[in-house]
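If you're matching them up, the sequences are chains B and X in order. If you're matching positions, the first sequence starts at 0 in numbering that gives the first Met the number 0 and goes up one per residue. If you're matching positions, the second sequence starts at 0 in numbering that gives the first Met the number 0 and goes up one per residue.
Because the hints were derived from the structure by calculation, they are not lab data. Each residue gets a CB set at the ideal place from its N, CA and C atoms; glycine is no exception.
Derived Cβ-Cβ restraints for the label pairs, each shown as a range: (1) T56(X) with C24(B): 13 to 21 Å; (2) T57(X) with L29(B): 19 to 27 Å; (3) C24(B) with N123(X): 57 to 65 Å; (4) E78(X) with L29(B): 25 to 33 Å; (5) F14(X) with L27(B): 25 to 33 Å; (6) I111(X) with D123(B): 38 to 46 Å; (7) K92(B) with D82(X): 46 to 54 Å.
Computed cross-link-like contacts, DSS-like style, restricted to lysine-lysine with a CA-CA straight-line distance of at most 27 Å: (8) K177(B) with K92(B); (9) K92(B) with K117(X); (10) K177(B) with K117(X); (11) K44(X) with K92(B); (12) K118(X) with K177(B); (13) K121(X) with K92(B); (14) K171(B) with K30(B); (15) K92(B) with K118(X); (16) K30(B) with K177(B); (17) K171(B) with K31(B); (18) K47(X) with K92(B).
Some chain X residues close to chain B (C-beta under 10 Å, calculated; not the full set): (19) S13; (20) H20; (21) F25; (22) V54; (23) L58; (24) N79; (25) T91; (26) A93.
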Amino acid sequence: METIMHNFLAESVYMGVILTLGTYCMGLWLKKITGWALVNPLLVSILLSIAFLWATDTSYESYSEGANVISYLLTPATVCLAVPLYEQIEHLKRNYHAVATGITAGVLGSMTSILGMVLLLGMDHQAYVTLLPKSITTAIGMGVSEELGGNVPVTILVIVITGITGNIFAEKFLRFVKVNEPIAKGIAIGSASHVIGTAKAMEMGQTEGAMSSLAIVTSGVLTVITASLFAQLA
Amino acid sequence: MRYVIQLFIIICFSFVGEILHEVLPFPIPASIYGIVLLFLALELKVLKVAQIREVSTTLIISMPVMFVPPAVGLISSWENVRDNWAEYLFITLATTFVVMAIAGWTTQWIIIWRRNRKKQEKRNN
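Let's have the full structure, built from the sequences with the hints guiding it.
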């Protein structure tokens, strides 16, 4: 019985999708009944899915065969961020100086703080360049890390953790540091926690979402340009 | 039928983004080229938002769940950070908040500063 079950899980096409959507729905439900910020549907879904695969001894390959149908939509969904950006373009035009300076400050602040902490904790050059692109969107970050000689799987891991951190804490943290202009909130979230954070910004409001989308594109490209200069500093 | 056309248009932009990513020598992903192209198409009135409204809204709202499969795949990267996971985790968390504060404050300061200056100008006139 157990082997039949095990083989079925390994071969099922829908298992990955069911697991992903099912655990995500559980996350939504848990968030609703507890109301805690830490009970984030994305985080709950990731942890429960890992736990399920581990408990049933199912390989990641058989899970991802089905689940990749879901992540396949990631590129088209990211492309769609152009829509809120277009609809909020007037906000951007009126606040061009603030937005451009804010994103630049975010990119430089990111790399400077990583440099400082790497030196402080005595980590090596490879760890440094692995961390450098941590605030930008995964696909750009991977490229930057690879070019600088970083450890690409670790870069992806820290990028995803960065995004989830932003997604979970952005709303509370921004209130705590008294950032309450919608434009500034959006720029802060997009610069610090790329697409995963932007998903949260979209929930917070149209302006927040649009500015966050803009910050992903701009900070990503700015990081590509400046990371190789920063890489020589440690 | 309308939604099929909407999805088709969006996938077309993703596809052209993919082509640019393949042809151009920059480490910029297909999705970023796609955003820029879709934005230009809307701005130049080649495309109306109404032509992709429902599907694009649905895709954006469903975005978080799309990150679950790649994140689950990261269990295999654990081997790479086992020796100094605490340092990596600390830097990752700390810098996220640092960047959020720096970008947020800078943007907000300038918005408020310019707004006050405009008020001042109005008063002086």
